[in-house]
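Respectively, the protein sequence lines represent chains A and B.
So the first sequence is numbered by the UniProt record's numbering: it starts at 1 and just counts up by one.
So the second sequence is numbered by the UniProt record's numbering: it starts at 1 and just counts up by one.
It is worth saying that the hints were derived from the structure and are not from the lab.
Each residue gets a CB set at the ideal place from its N, CA and C atoms; glycine is no exception.
Honestly, I wouldn't trust all of these hints.
[Said to hold, decoys possible] Restraint ranges, calculated between C-beta atoms of paired labels, are given here:
| id | chain 1 | residue 1 | chain 2 | residue 2 | range |
| --- | --- | --- | --- | --- | --- |
| 1 | A | Ser266 | B | Pro88 | 44 to 54 Å |
| 2 | A | Leu112 | B | Gly232 | 24 to 34 Å |
| 3 | B | Asp128 | A | Ser266 | 30 to 40 Å |
| 4 | A | Leu78 | B | Phe13 | 40 to 50 Å |
[As the list claims (entries may be wrong)] Heads up, incomplete: computed chain A residues facing chain B, CB under 10 Å, no partners named:
| id | residue |
| --- | --- |
| 5 | Arg103 |
| 6 | Lys173 |
| 7 | Gly176 |
| 8 | Leu181 |
| 9 | Pro193 |
| 10 | Leu256 |
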Amino acid sequence: MSQPRQSPARSIAAHTVLILWTLIALFPVFVTVVNSFKSKRAIFTQPLALPGPDSFDLVGYQTVANQGDFVAYFQNSLVVTCLSLFFVLLFGAMAAFALSEYRFRGNTLMGLYLALGIMIPIRLGTVAILQMMVATGLVNTLTALVLVYTAQGLPLAVFILSEFMRNVSDDLKNAGRIDGLSEYRIFFRLVLPLVRPAMATVAVFTMIPIWNDLWFPLILAPSESTKTITLGSQVFLGQFVSNWNAVLAALSLAILPVLVLYLIFSRQLIRGITAGAVK
Amino acid sequence: MGQLTLSGVTKNFGPVEVIKGVDLKVADGEFCVFVGPSGCGKSTLLRMIAGLEDVSGGTVTLDGREITNLPPARREIAMVFQSYALYPHLTVRDNMGLALKQAGHPKGDIRAATDRAATMLSLDALLDRRPAELSGGQRQRVAIGRAIVRRPKLFLFDEPLSNLDAALRVQTRIEIAKLHRDLGATMVYVTHDQVEAMTLADKIVVLRAGKVEQVGAPMELYNDPANTFVAGFIGSPQMNFLNSVALGLSSHSAGIRPEQVQLTDGPGQIKGTVSHVERLGGETLVYVHAEGHGLLTARLFGEHDRAVGSDLGITFDPARLFHFDKAGQRLR
Ligand SMILES: Nc1ncnc2c1ncn2[C@@H]1O[C@H](COP(=O)(O)OP(=O)(O)OP(=O)(O)O)[C@@H](O)[C@H]1O
Ligand SMILES: [Mg+2]
Chain A
1 MSQPRQSPAR SIAAHTVLIL WTLIALFPVF VTVVNSFKSK RAIFTQPLAL
51 PGPDSFDLVG YQTVANQGDF VAYFQNSLVV TCLSLFFVLL FGAMAAFALS
101 EYRFRGNTLM GLYLALGIMI PIRLGTVAIL QMMVATGLVN TLTALVLVYT
151 AQGLPLAVFI LSEFMRNVSD DLKNAGRIDG LSEYRIFFRL VLPLVRPAMA
201 TVAVFTMIPI WNDLWFPLIL APSESTKTIT LGSQVFLGQF VSNWNAVLAA
251 LSLAILPVLV LYLIFSRQLI RGITAGAVK
Chain B
1 MGQLTLSGVT KNFGPVEVIK GVDLKVADGE FCVFVGPSGC GKSTLLRMIA
51 GLEDVSGGTV TLDGREITNL PPARREIAMV FQSYALYPHL TVRDNMGLAL
101 KQAGHPKGDI RAATDRAATM LSLDALLDRR PAELSGGQRQ RVAIGRAIVR
151 RPKLFLFDEP LSNLDAALRV QTRIEIAKLH RDLGATMVYV THDQVEAMTL
201 ADKIVVLRAG KVEQVGAPME LYNDPANTFV AGFIGSPQMN FLNSVALGLS
251 SHSAGIRPEQ VQLTDGPGQI KGTVSHVERL GGETLVYVHA EGHGLLTARL
301 FGEHDRAVGS DLGITFDPAR LFHFDKAGQR LR
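Given these sequences and hints, build the entire structure.
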């Protein structure tokens with residue numbers, strides 16, 4: 001890939017903008033992580049200072065660790081996020097394949113219907129969802145969260161993936177059919193590997209809102225055993241007194257898994273985002 | 001084995017009829033080429049034979065067995081695609097062997113079959129590579145090898161050479177011809193390249209807008225076209241169509257091949273002005289603007305000097321004319 005040479009001035013300007021943007025985007029994360037290592041007094045007197053010998057304090061992390069159930073919250077979050085992600089990717093890809101590959105009556109309508117969820121926030125249906133969960137006895141289970149998040153993630157997944165799947169060579173799929181591969185083999189072995197970058201894109205965009213969500217855990221699964229980490233961190237935020245050390249420590253810890261998952265997907269992600277632009 | 005029969009085959013995409021009733025017999029071991037302008041339904045017809053596209057009406061029979069509604073894998077056919085369509089995650093060997101593996105053949109047989117095909121196409125050195133590590137020509141040879149390995153009754157090719165550069169195209173064309181001789185298999189081949197059609201085919205099927213215009217051996221179509229469409233489509237450069245009335249003939253129009261036209265300095269049968277000259281070394285194409293007839297092409301052997309804008313006469317043997325009626329049908 002050869003690129004036309006750019007003038008240094010333009011290149012400097014572009015980099016300045018990008019660096020500024022990076023700083024702005026990273027600032028809240030930076031403040032959170034830095035302050036999680038400081039004593040309470042230091043947080044309020046010098047919120048932007050790095051932890052020094054006198055302000056360094058692990059009290060936040062100690063509180064979080066002693067809170068006991070924190071590991072369990074963490075686990076809940078991981079289970080819910082990973083399972084939802086898995087179902088969103090699996091069902092999203094399958095639906096996208098069907099929509100892009102087969103001609104059937106109502107194909108376009110079905111596609112529109114599935115994409116509608118992108119425009120209508122699922123939270124509008126909270127009351128109905130809660131009633132449904134109560135009726136099925138799923139309140140205070142992780143299953144409830146997984147179901148809701150899968151539903152929440154599917155529209156965007158179907159929309160993005162079906163666009164990408166349309167671009168997979170028909171000849172390749174047809175060659176598979178002539179060689180006797182089943183439609184499932186064609187889907188899993190030929191098509192999925194070719195849309196991996198798109199899958200990674202969808203994975204990241206699906207995963208982050210689920211991990212960070214406070215709304216549904218609070219409403220559908222607030223019990224001690226099903227709390228997610230975002231909800232769990234809220235115990236440190238009181239109406240009158242907040243344990244800021246603990247809140248910041250909990251949030252810093254909560255960033256980690258997302259970061260790990262993001263690193264796993266990021267190489268593919270960049271390819272997915274630039275796929276249309278570069279080729 | 002390997003006799004293909006299409007009877008009354010039609011195809012609709014929604015309300016649009018793309019294939020309008022095709023009847024065709026391809027004998028065992030025959031090399032049949034579909035030609036026609038872009039969008040006339042060549043690929044669609046081929047894909048219907050392969051089973052990749054449903055047949056809206058009519059039947060497809062291979063070797064006396066009706067295969068109209070069979071899935072592609074059970075038709076005993078193999079197909080080579082324009083875009084190669086190799087499986088990116090498999091090595092050359094696995095690409096070629098996949099169909100047999102799916103059909104449940106023992107490992108030893110598959111290995112033997114792939115080795116034999118690889119030797120035929122000189123792919124032995126490439127067997128452990130992946131498609132991404134091959135050149136375009138090598139990829140297409142692997143795709144052809146993948147077809148051979150299955151020992152199908154019928155080979156289908158959809159413009160297999162059009163992604164290759166000119167030199168490679170000639171080389172692969174010769175390879176396909178040789179393969180056809182060696183295997184003696186029935187082949188159906190789609191192309192819009194004149195030379196491929198003329199050199200490879202035992203039988204050419206000329207399609208226009210989903211209908212068969214004429215079927216015949218290459219020279220049959222060349223020397224005895226049934227209508228103006230076939231006359232104009234087969235042969236390059238295109239046949240000249242003369243205005244019969246201006247020549248005092250009874251037909252509506254008369255066609256003459258560019259190589260049957262001579263140029264003289266005298267008046268000739270038709271007077272014209274040179275509008276362009278193309279020198280190809282072995283031959284020279286002179287484009288002549290003739291009053292009442294339009295632009296005519298003369299194909300002269302060797303090198304000729306004709307100045308653009310100069311006046312000349314065109315002569316031809318009237319016995320070499322093809323006569324057509326108003327609807328374009330040949331008058332014999
Ligand atoms: N899936 C489809 N839906 C609707 N119309 C189609 C579809 N596939 C092909 N067609 C139409 O059928 C006609 C024949 O297409 P086909 O691909 O067979 O042409 P072709 O002869 O192979 O042309 P080319 O030489 O350009 O490959 C075209 O007019 C095309 O628009
Ligand atoms: Mg075609």
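We went through each hint and held it up to the structure:
Separation of A/Ser266 from B/Pro88 is about 23 Å and departs from the stated range, judged on CB atoms against 44 to 54 Å. Taking 24 to 34 Å as the suggested C-beta distance range, the pair A/Leu112 and B/Gly232 does not conform, at roughly 46 Å. Between B/Asp128 and A/Ser266 the beta carbon distance is about 32 Å. The supplied range of 30 to 40 Å therefore holds. The hint said 40 to 50 Å for the Cβ distance between A/Leu78 and B/Phe13, and at roughly 49 Å that hint holds.
Because the closest C-beta pair between A/Arg103 and chain B is about 9 Å apart, less than 10 Å, the hint holds. Taken as an interface hint, A/Lys173 checks out: its beta carbon lies about 8 Å from the nearest beta carbon of chain B, inside 10 Å. Given the 10 Å rule on beta carbons, the hint for A/Gly176 holds: about 7 Å separates it from the nearest Cβ of chain B. Because the smallest distance between the Cβ of A/Leu181 and any Cβ of chain B comes to about 6 Å, under 10 Å, the interface hint for this residue holds.
Of the supplied interface hints, the one on A/Pro193 holds, with its beta-carbon coming within about 6 Å of a beta-carbon of chain B, less than 10 Å. Interface hint status for A/Leu256: violated, as the beta-carbon distance to the closest one in chain B is roughly 33 Å, over 10 Å.
Hint compliance for this structure: hints 1, 2 and 10 are broken, all remaining hints hold.
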